[in-house]
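Protein chains in written order, with my numbering: chain A, 30 to 193; chain B, 82 to 295.
Quick caveat, the hints were computed from the structure, so don't treat them as lab data.
Predicted model, so just to flag it, every value in this text is computed and none were measured.
A few of these clues could be false.
Straight-line Cα separation of at most 30 Å, DSSO-like style, residue types lysine-lysine; simulated pairs [unchecked claim]: (1) A/37 with A/80; (2) A/60 with B/271; (3) A/179 with A/140; (4) B/120 with B/230; (5) B/177 with A/140; (6) B/246 with B/146; (7) A/186 with A/160; (8) A/80 with A/133; (9) B/120 with B/101; (10) B/89 with A/160; (11) A/76 with B/87; (12) A/86 with B/99; (13) A/44 with B/271; (14) A/184 with A/160; (15) A/60 with B/101; (16) B/197 with A/160; (17) B/146 with A/37; (18) A/60 with A/37; (19) A/140 with A/51; (20) A/51 with B/87; (21) A/60 with B/230; (22) B/87 with A/186; (23) B/246 with B/120; (24) B/197 with B/271; (25) B/271 with B/177; (26) A/140 with A/80; (27) A/86 with B/101; (28) B/246 with A/60; (29) A/163 with A/37; (30) A/188 with B/193; (31) B/101 with A/133; (32) B/246 with A/76; (33) B/271 with A/51; (34) A/76 with A/133; (35) B/180 with B/280; (36) B/89 with A/186; (37) A/76 with B/280; (38) A/133 with A/179; (39) B/99 with B/246; (40) A/76 with B/101.
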Amino acid sequence: MQKDLESKFLSDFEKNQNIVHKICRIYTTNKHAHDDLFQEITIQLWKNYTKFRGDSKFSTWMYRVALNTAISLYRKSTRTIKTQDISEIAFKIKSNDYDDTQEKQLQSLYKAIHQLNDIDKALIFLYLEDKPYKEISETLGISSVNARVKMNRAKEKLKNILKP
Amino acid sequence: MDALEKYKQSWNHQSEEKDKFSTEQIYNFTHKKSSSVVKWIFIIGILEFVFWGGITFMLPDSVYKMYEDLEMTTFFYVSSVIHYLVLLIFIYLFYKNYKQISVLENTKKLIKSILKVRKTVKYYVIYNLLGFIFGGITINFFMFSDTDKLQKAINIQNSHLDIDKVVIYMMIGQLIVISVFTLLLWLFYKLAYGILLKKLNKNYAELIKLDEHI
């Protein structure tokens, strides 16, 4: 039983791991921290997997656990982002539709997101991932109305940072 | 179009993570706590070092006086320096183990690292126990080899006392003290490192199983 559960988890997780990588990218700025956070999220996902009953999609559940892990870890630490770290990770555009402007945009987007607080990061991330408000509110455990208000503020903050 | 929309498009076009983890690595993540155990071995090693170092500095002057009377000052200093050097080497090894047992290693490498940690801890405990026994015996050897010095060191004023009898009683007493302290030291190591090694062993067994599966 345990073995079946384990292999199901592993295969689902492996398929969806890019979600966790993206979360790690917005919350950390170097490879080491990225891998640390990835491991922590994996541990939390596995710990909570028994509670996952499949009434939501695996990926939806994954967004929730992974983001909450990142937020709580980020809160505990007093780590601030050092600017020299940022250049360590290059954010790339898919090679088949490579576009120089898009790559530059992506880099400034990440740079801007890094300056947001932990909750705003999560909100913006869910916006970029094109999640409906219902899912955003469930993921972050806030009401739909509240999610809308907070999202608008987070977007404003991001726009201000992105302004040339 | 919203100013953020174009950024969103770039976001959707970003490439997938190139350093993806394999199923094996992900499995390791969920099961692995070795690196934190090894970190604790390192921390306890340092604490112990500080503790023993602190005790040496806080020894009352009378102890140094006794070493002087027994003409063992040189032995005391030389052995202390060697002892702390060896401890520092062990702490360095603990640190190296901790650094090496990176979470991203594959199973085979991790199994090897765990074996190495176990070996280092084993040698560390053996060194400490043997060092303690050897130190105790050496001090006693010096003490009882020259009864005149001993008399001076322990301040026997009463000349009616039979020094030979005193020496025999003291020897027995010393033997008991050394045995008891060795036992206590052994118990301490068994408790402090035993628990950590047990956790490590559990992880080791799981990893061996995993390695057979893959």
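Quick rundown of the hints versus the structure:
Straight-line distance between C-alpha atoms of residue 37 of chain A and residue 80 of chain A comes to about 14 Å, which keeps the hinted pair within the 30 Å bound. A hinted pair counts as satisfied when its Cα atoms are at most 30 Å apart, and residue 60 of chain A with residue 271 of chain B does not qualify at roughly 38 Å. The suggested pairing of residue 179 of chain A with residue 140 of chain A holds, with an alpha-carbon distance near 21 Å, which does not exceed 30 Å. Taken as a hint, the residue 120 of chain B and residue 230 of chain B pair is broken in the structure, with Cα atoms around 47 Å apart against an allowance of 30 Å.
The straight-line distance between the Cα atoms of residue 177 of chain B and residue 140 of chain A is roughly 35 Å, outside the 30 Å bound, and the hint therefore fails. About 24 Å separates the Cα atoms of residue 246 of chain B and residue 146 of chain B, which keeps this hinted pair within 30 Å; it holds. Restraint check for residue 186 of chain A and residue 160 of chain A: the C-alpha separation of about 19 Å stays at or below 30 Å, so the hint holds. Taking the CA atoms of residue 80 of chain A and residue 133 of chain A, the gap is about 41 Å. The hint is violated against a cut of 30 Å.
Between residue 120 of chain B and residue 101 of chain B the alpha-carbon distance is near 26 Å, which keeps this suggested pair within the 30 Å criterion. Straight-line distance between C-alpha atoms of residue 89 of chain B and residue 160 of chain A comes to about 12 Å, which keeps the hinted pair within the 30 Å bound. Pair hint residue 76 of chain A plus residue 87 of chain B does not hold up; C-alpha atoms about 38 Å apart against a cutoff of 30 Å. Distance check on the hinted pair: residue 86 of chain A and residue 99 of chain B sit about 25 Å apart at the alpha-carbon level, within 30 Å; holds.
This hinted pair does not check out: residue 44 of chain A and residue 271 of chain B have alpha carbons roughly 44 Å apart, beyond 30 Å. A hinted pair counts as satisfied when its Cα atoms are at most 30 Å apart, and residue 184 of chain A with residue 160 of chain A qualifies at roughly 15 Å. Simply put, residue 60 of chain A and residue 101 of chain B have alpha-carbon atoms about 12 Å apart, close enough for the 30 Å limit, and the pair holds. With a CA separation close to 48 Å, the supplied pair residue 197 of chain B and residue 160 of chain A exceeds the 30 Å bound.
Between residue 146 of chain B and residue 37 of chain A the alpha-carbon distance is near 71 Å, which puts this suggested pair outside the 30 Å criterion. A distance of roughly 28 Å separates the Cα atoms of residue 60 of chain A and residue 37 of chain A; the hinted pair therefore holds under the 30 Å criterion. For the hint pairing residue 140 of chain A with residue 51 of chain A, the CA-to-CA distance comes to about 14 Å; that is within 30 Å, so the pair holds. For the given pair, residue 51 of chain A sits about 18 Å from residue 87 of chain B by alpha-carbon distance, which is consistent with the 30 Å threshold.
For the hint pairing residue 60 of chain A with residue 230 of chain B, the CA-to-CA distance comes to about 65 Å; that exceeds 30 Å, so the pair is violated. Among the hinted pairs, residue 87 of chain B with residue 186 of chain A is consistent with the structure: their alpha-carbon atoms are about 16 Å apart, no more than 30 Å. Of the supplied pair hints, the one linking residue 246 of chain B and residue 120 of chain B is violated, its CA atoms being roughly 51 Å apart against a limit of 30 Å. Note on residue 197 of chain B and residue 271 of chain B: the hinted pairing holds, with a Cα-Cα distance of about 18 Å set against a maximum of 30 Å.
For the hint linking residue 271 of chain B to residue 177 of chain B, the alpha-carbon distance of about 22 Å falls within 30 Å, and the restraint holds. Between residue 140 of chain A and residue 80 of chain A the CA atoms are separated by roughly 35 Å; this puts the pair beyond 30 Å, and the hint is violated. Taking the CA atoms of residue 86 of chain A and residue 101 of chain B, the gap is near 22 Å; set against the 30 Å cutoff, the hint holds. For the given pair, residue 246 of chain B sits about 71 Å from residue 60 of chain A by alpha-carbon distance, which is inconsistent with the 30 Å threshold.
Straight-line distance between C-alpha atoms of residue 163 of chain A and residue 37 of chain A comes to about 27 Å, which keeps the hinted pair within the 30 Å bound. With a C-alpha separation of about 51 Å, the suggested pairing of residue 188 of chain A with residue 193 of chain B is violated against the 30 Å cut-off. As the CA atoms of residue 101 of chain B and residue 133 of chain A are separated by approximately 23 Å, the hinted pair is consistent with the 30 Å bound. A distance of roughly 68 Å separates the Cα atoms of residue 246 of chain B and residue 76 of chain A; the hinted pair therefore is violated under the 30 Å criterion.
At most 30 Å may separate the alpha-carbon atoms for a hinted pair to count; residue 271 of chain B and residue 51 of chain A exceed this at roughly 44 Å. Taking the CA atoms of residue 76 of chain A and residue 133 of chain A, the gap is about 38 Å. The hint is violated against a cut of 30 Å. Our distance criterion of 30 Å between C-alpha atoms is met by residue 180 of chain B and residue 280 of chain B, whose separation comes to about 18 Å. As the CA atoms of residue 89 of chain B and residue 186 of chain A are separated by approximately 15 Å, the hinted pair is consistent with the 30 Å bound.
Of the pairs offered as hints, the one joining residue 76 of chain A and residue 280 of chain B holds, with about 18 Å between alpha carbons and a cut-off of 30 Å not exceeded. Using a Cα cut-off of 30 Å, the hinted pair residue 133 of chain A and residue 179 of chain A holds, with the two alpha carbons roughly 27 Å apart. Restraint check: the Cα-Cα separation between residue 99 of chain B and residue 246 of chain B comes to about 80 Å, which exceeds 30 Å; the hinted pair is violated. Between residue 76 of chain A and residue 101 of chain B the alpha-carbon distance is near 21 Å, which keeps this suggested pair within the 30 Å criterion.
Of the hints listed earlier, those the structure fails to meet are numbers 2, 4, 5, 8, 11, 13, 16, 17, 21, 23, 26, 28, 30, 32, 33, 34, 39, in rising order.
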